[in-house]
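**Q** Residues per chain, in single letters:
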Amino acid sequence: MTTVATFEISYTQFVDAQGEPTQRLPPFATDSAALIALYRAMVAARAFDAKAIALQRTGKIGTFASALGQEAVGVGAASAMRPDDVLVPSYRDHPAQFVRGVTMVESLLYWGGDERGSGFTGPRHDFANCVPIATQVCHAVGAAYAFKLRHEPRAAVCLLGDGGTSRGDFYEGLNMAGVWNVPMVLIVNNNQWAISVPRTLQSAAKTLAQKAIAAGIEGQQIDGNDVIAVRHATEEALAKARAGGGPTLIEALTYRLGDHTTADDATRYRDAETVRQQWQFEPIVRLRNYLARSGAWDKDKEEALQRECAEQVSRAVDDYLAVPLPGSDAMFDYLYATLPVALEEQRNAARRFAPQGEEPSG
Amino acid sequence: MQRAALRLRVKNQVAEVNLVEAVNLALAYELEHDQDVILLGEDIGVNGGVFRATAGLQARFGSDRVVDTPLAEAAIAGVAIGMAAAGLKPVAEIQFTGFMYPTLDQIINHASRMRHRTRGRLSCPMVLRAPSGAGIHAPEHHSESPETLFAHVPGLRMVIPSSPARAYGLLLAAIRDPDPVIFFEPTRLYRLFKQQVDDNGEALPLDACFVLREGRDLTLVSWGAMLQETLAAADALATTGVSAEVIDVATLKPLDLTVILESVAKTGRCVIVHEAPRTVGCGAEIAAGLAEHGLTSLLAPVQRVTGYDVVVPLPRLESQYMPSVERIMDAARKALEYA
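Just so you know, the sequences run in chain order A and B. Heads up: the first sequence begins at 18 in our numbering, then just goes up one per residue. Heads up: the second sequence begins at 546 in our numbering, then just goes up one per residue.
Treat the hints as calculated values from the structure; they're not laboratory data. Warning: the hint list may mix true and false statements.
What the hints assert, rightly or not - Cut-off 35 Å, straight-line C-alpha distance, at most; resulting in silico cross-link-like pairs (DSBU-like, lysine-lysine): (1) Lys-634(B) <-> Lys-257(A); (2) Lys-811(B) <-> Lys-739(B); (3) Lys-634(B) <-> Lys-165(A); (4) Lys-257(A) <-> Lys-223(A).
So here's chain A without its partners, still in its complex pose (with noise of 0.2 Å):
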């Protein structure tokens, strides 16, 4: 017998649970300030998410995917990105989206249950929220595949969870990525839970990384609670990929804290004991340790930051709910790029049959 091949799947970590660096920091995070920036994104995220549970508590939105305790996948991947590169996210990925400069308006009309939310006025040629898991990493290809054919110094970046990785667009996907050697980072935020099916029963394969080798690509894992090996694992992977090297599969270790969305009730099928445990790992703590160990952070910036963030997000929702209701004419205005001739008599059946007083468009 001989071995024809054989692979590794690298782990990194910079800096640990306790905020102890593991080894040498990249050079972005000697900056305390560009440090800062990403602790402040992952603050106001998570500040995000607890509002928007609240506000579907009380029906001032619908169904809504928190990303709490996995604030370092977003955060480090958008801020490792150029404003023209492409974010092809799935639905637990607004982290990302407010660093790409998606707003929390806009968040909040989606959750809401209105189109507009994904019309977002920031990243014009970023892809919307992704619902049916990891159909997003086919478009990733083909917008890498764009990038590459035009020659622009362009990159995609994808993201999806643990189940993702089970479907056959993932595989199709990857596969495709792989042969045609697109710019192209695939990043699995690895929170261990799809709904109620762990990441036990998910796949029997070791790591979630190492389905990239079969796709003949570099796959690698990463402690996606420490934001700055997501920072630099993204930015290492798309440098390579604007330099003609090819796709990156990044997985990133994180947990579910929350439930799946606010319609999941996951004391149904894990032990809260299980959870408590995970807390201790989560990204915002052990970033803010380092920062006040360095020197860099207190308790006064501290204080200052929740005030600020909690006022960012309840303006948020001020503008969020004076938004009017969209009109009868929205259901019709952007299905074709001209409404055609045999939908003008239904289109105008929904206006005959609108609420009263309220405008077809707008």
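Given the coordinates of chain A, work out where chain B should sit on it, guided by the hints.
**A** Below, chain B alone, put in the same frame as chain A:
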């Protein structure tokens, strides 16, 4: 300058081509005139596609614009969506309609609603081509006519040509359309007959029916390969003194009933012919439209001649499944003899 004009004139020559050659001409025309157009699919490169629809195009336009994909239909559709949203105009080929079902998730959940759900921020100008229909003695899963699945989906266009000239003009229109188009090419017509096609880059209108033959007594409505039998039935009816109007629906979604309603207002009688199974077939939508908007014009119940509600049979029985001239004549007689 003079040389360029000369070359252009040579390229614009009128050629006698069959339907698959017309598809090839339209693809080549758009690849040459629009740098954003890109072809992808299984075996479309060196091999030129299993039906040769893309023959010679990779050699002419390069392997980065005429792309052989891995064998993965869902990803072919999904990747095309990503390309389209990023500014390209992908034309993806699925080898047979029977292998399109893995694409439904991507097409229904993403292609059809990309523009809508992003309020026009992103769009999906892609074409998904596939050979469709029975009648070529093909193996299992190579003879399906699932146009109704796509015609049901808001945001899509569902187009089926019935001749080389319409394949050329409608495919050009489909590629240039700013929204996703599902384009079925009837395999039975690929090499059945030739027609003069002027390779001048002129598109035909989408969302419009074509009157192929004018008549006074009866309206025959069909699309795709079935227009062969439908036109033959019109010929046969003419020998008995019946003047049948023949309409090619061409775009099944969105369905513009104007031409059909105008025709039935004139004839009062209508027979709809399609190869796909009857229940919830596109014929049902046309019949419902006639009931809603043309009831007072009708002198007889609308007749449907369709594939049966069975699994499309293997070759030994397929001729009994397909609507025949005899079945169309039988339905026409029922419509004509109704008091």
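**Q** Decide, hint by hint, whether the structure agrees.
**A** We went through each hint and held it up to the structure:
1. Lys-634(B) <-> Lys-257(A): Satisfied, since the Cα-Cα distance of roughly 27 Å is no more than 35 Å.
2. Lys-811(B) <-> Lys-739(B): holds, 32 Å
3. Lys-634(B) <-> Lys-165(A): With Cα atoms ~15 Å apart, Lys-634(B) and Lys-165(A) stay inside 35 Å; holds.
4. Lys-257(A) <-> Lys-223(A): holds, 26 Å
Every hint from the earlier list agrees with this structure, and none is contradicted.
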